[in-house]
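Chains V and E are the protein sequences, given in the same order. Quick note on the working numbering: the first sequence kicks off at 1 and runs consecutively. Quick note on the working numbering: the second sequence kicks off at 1 and runs consecutively.
A portion of the hints provided could be inaccurate.
[What the hints assert, rightly or not] Capping the alpha-carbon separation at 16 Å, the derived lysine to aspartate or glutamate pairs in EDC-like fashion look like this:
1) E:144 x E:300
2) E:405 x E:448
3) V:71 x V:47
4) V:71 x E:36
5) V:71 x E:32
6) V:95 x V:84
[To be verified] Derived coverage of chain V by chain E (criterion: at least 3 residues anywhere in the stretch with Cβ under 8 Å from a Cβ of chain E; other residues may be distant):
7) 11-24
8) 72-85
Don't read these hints as lab results, they were simulated from the structure. We put the beta carbon where it would ideally sit given N, CA and C, even for glycine.
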Amino acid sequence: MAGEVKLSHTAALILQAIDAGYIYGFSLMETTGLPSGTVYPALRRLERDDLIRSQWERESIAEAELRPQRKYYKLTRAGKVTLEASRKRYPLLAKLISSDEVEKA
Amino acid sequence: MRWPCRWLDSETLHLAILWFAALLIPGEQRAEWLAEWRSELWYVRRNRCAFCLGAIQDAVWVRRNTPEIDGGKDVRLGSPVTCILLLSVLAAFSAFFAFRLPGARELMPWSSNVDEQNLVTIGSAGRSAARSPTVTVAGYRSLKVGLKDVLRETAFYRPIRARVEIARQQTAELSVALTTRNVFDLLNLPEPVTNLARRPEAPALILDQAAWRKYYNSDPHIAGRVLVVGGSKVFVAGVVPLSLRLPVSVDAWLVNDAQQAELHPQTKGFVFARLRPASTFAKPGLRWHVSVPDGQGGSDRFECASVARVDLLFAHLLMIFVALLILPVATSLELGEYPCNPHAASLTIRLRRWVFLAVKIPLLMVVVFCGILDLGALTSMPIQPHGLLFGYVLAFRWALSDQRKRCPICLRLVTNPARIGSSSNTFLEWYGTELMCTRGHGLLHVPEIPATYSTQRWLDLDPSWASLFSSRKV
Chain V
1 MAGEVKLSHT
11 AALILQAIDA
21 GYIYGFSLME
31 TTGLPSGTVY
41 PALRRLERDD
51 LIRSQWERES
61 IAEAELRPQR
71 KYYKLTRAGK
81 VTLEASRKRY
91 PLLAKLISSD
101 EVEKA
Chain E
1 MRWPCRWLDS
11 ETLHLAILWF
21 AALLIPGEQR
31 AEWLAEWRSE
41 LWYVRRNRCA
51 FCLGAIQDAV
61 WVRRNTPEID
71 GGKDVRLGSP
81 VTCILLLSVL
91 AAFSAFFAFR
101 LPGARELMPW
111 SSNVDEQNLV
121 TIGSAGRSAA
131 RSPTVTVAGY
141 RSLKVGLKDV
151 LRETAFYRPI
161 RARVEIARQQ
171 TAELSVALTT
181 RNVFDLLNLP
191 EPVTNLARRP
201 EAPALILDQA
211 AWRKYYNSDP
221 HIAGRVLVVG
231 GSKVFVAGVV
241 PLSLRLPVSV
251 DAWLVNDAQQ
261 AELHPQTKGF
271 VFARLRPAST
281 FAKPGLRWHV
291 SVPDGQGGSD
301 RFECASVARV
311 DLLFAHLLMI
321 FVALLILPVA
331 TSLELGEYPC
341 NPHAASLTIR
351 LRRWVFLAVK
361 IPLLMVVVFC
371 GILDLGALTS
381 MPIQPHGLLF
391 GYVLAFRWAL
401 SDQRKRCPIC
411 LRLVTNPARI
421 GSSSNTFLEW
431 YGTELMCTRG
441 HGLLHVPEIP
451 ATYSTQRWLD
461 LDPSWASLFS
471 SRKV
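So that you can see chain E by itself, here it is in the shape it has in the complex (with noise of 0.2 Å):
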């Protein structure tokens, strides 16, 4: 427990809070007001940390309690530093959670090490994603024979519970898949990974390589150890990090060719295959019925379903091309035209709100993405392509509205609302909200029935009415 007191008790630290405390401060208050903490904390000596928490506490009532600046809402909030900070915290967050939630890491479009095109699961009718065992011995041999014309390779494995010896006199209970020798090279995993070439005949074990990380400490040295699973020793041949989604977790495999013809024909396991070249059934989602001869003069229908998972890159664009065409029926502004004169501002200012507009964007982007694996992965639901679409309309809407509630010369949000007009003379005189920039650009004028002769419209004003608004310099 020492470390985290020292952590706590850190003067960089207590800094560290005071500083951030005094970001809430007004301007004006914040050197004093930092001065006054910082002298204080001289003299603390005990809960140096709980004496700095409370500086938050003050910083909130100081910003409460400061009389309001500018005419309106504290102006670092509407800010477009603000805004973009915002964002790439947002984006940070949700990319974070992306990598680290294992149900949205797998959708990455890098994360399968994997070849999933042409692979299958078979089950019995209607069960091919069962999560217990549906297939037998039998049926998987009959399998081999009857469709050595589609699949290339089968390989069956069987989970059991095994206690795996871990170190000297300690054993753990792993799940451990008994499995045919060519399971590996079904899933095209490098040779180095496996190792099984080198003792063609021997039991072997692959570890996973999370089990291998918290049974075994990541111990560079595991290959070629002999370990006792179930009370037989096998060698361990190596580890693999295998990011394939099973139906049953599994911590290691072990194979015995030995054991695996011992099996009794009616053992149920589960089946890989790979589809040979070109098959027309290797396509995202399907699943498809075959019927086998048993051998016996009766025929085992099994369902076939492919691995292969849609390209969630190529959704991803599909789902922005799809958003930008919904865009303009999804808001009520009018795209073709901006309330402001291009001609009233400068290159420099106008090429600034463009590049604000394309900051915004590909953060948002990143949010949409990133947010919807996270909460297709916290609620086990597949809402990937439908939440894609539904976050890029609302990303895309967000943006081109905030885009517009901004002074287009410094590009702060508008405030003050104001109303003009009335709304019983609503077509003989212009009705609406009237929205100021604090530091006196212009004035924003929002119809409160958008129409083809009433949209938004920016009045510009001269510099000469700057000192109406705030003091400070434009």
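One chain only, chain V, in its complex shape (with noise of 0.2 Å):
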């Protein structure tokens, strides 16, 4: 319990997202209704802190289907283990976000 990292709500919706397959920070954005001033800079704690990992996608990728490269987002274990934590916290996480949905790339 005491190395457990309390999210605020917005954090533990965008670690949802992530976890239901949004994860593009735009369809976290679209999925959330959150803007981009806040989704982003969260993106960017939540990396801080250990609970994701970005990368950018295979430029060969974004050149088959004719679009620019994007970064996109996975949870850590530590992430995995937070999200838990949340959806405890916040019982109504999964059903605003369900973790059947998974976004086509």
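Relying on the hints, combine the two individually framed chains into one complex.
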């Protein structure tokens, strides 16, 4: 309990959305309804706290689909643990964004 | 409303917002940060401008949470280029408002199109500057006769509210000054501006430039048109951009000799007069009283006030001179001694230091001059001479202390203050603050108590010390 990171509702919502498969910044914005000035700083905070990890997708994938390369996010092991704890703290979190949804790349 | 939406949707605007936000990002992270936002922007279809504005918040967060570089504040803020840019922006803003604010613009040395020398306003005793008319028609006639040796010419005008034809079937209530025919000759405005001589007997209307723009859409063919003013037809003689400050704002001047002659002797108005050349009364701000026989055995007392303004350019130069004289008293810095050994730096570096100071000074002068005019216009207070002196003293003081707080080699602000010595040993050992140049050029020692034996000094560090400081190239 002492090492548990307590997240705000916004951060927990973003973690839930990433876990649900919304791995890009803009898709997180659309899913959560939060503005860009909230989502992107929150992503950086979560990455700084080692709850998520960012990575640029392969250039070949973007070139094949004729679009720019994007950065995507994934939960780390600590992030998954923290998300579980957040679901207990915010019971409606799972219902807001269902983990069964997977965004196609 | 379509035009603003199209402008907000402009791709150029979005990229400009991202680019400016990226300036907040530390240099090493900037390229990746910008690439991330540009790639995300590609996918945004709606509210792209709002999306880009979020980048500013993100950039601020990144800046605040980036570990400090070079052991101190971000060196970008201490850069001499940043200092010059900030001063330039400040000077541009203050100059912009000085040209836009009416109260400031009319104080500019080149703003008046009226020869204010020898021009006076006349009112009843103690009321030459009153906002309501104080001189009767009878008094005006007495003035013309009684002061003909002092006054070369006098003019009388009386502002009234009248309905003036703006367009077909459309009128507006304007402030119209019923005036004597010689008012524009008296103000020495050029003849083509008025065209009064073309129809010397007909009633004529001369529009003020601001009213011409507002009510007649700057119609270039307005001269010669016949308008209905207060039920009477008058022809428009021309447009006059009068920069003279009047007690009451006037939208138009009506020259109607017949109507002027019918005015009751007790009707009140304002009086302008032009003094004879070489008059000793033509001094800025001068007021004096005169008594004139009223033709009925008594006398009328009037107050005359010179319209001429203090030459602000002269006041500006005078205040600069006085501020420079006061500067040694206003600062604790030793002006005759520079803490750096001049022989340790090359001629180019020394010259660059002087050029930096030479660029700062004119920018500061613009900021002070225009800023004081703006402040006077906003507060409607005559603060110019005193404000200029105070402003210049502060500006020169700041320029000097800023110059002393910079590394003489790279001109960046020295940082990381560290206390050296202890106050209890003030007279036994050196006690003060040590600051360093983050690029390893040297250390600045500032004594806690400046004295003749203890002043600021610069300790040069040879290039071998650079490895302990920033990893950037010198």
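Can you list which hints this structure breaks, lowest number first?
Of the numbered hints given earlier, those the structure breaks are 7, 8, listed in rising order.
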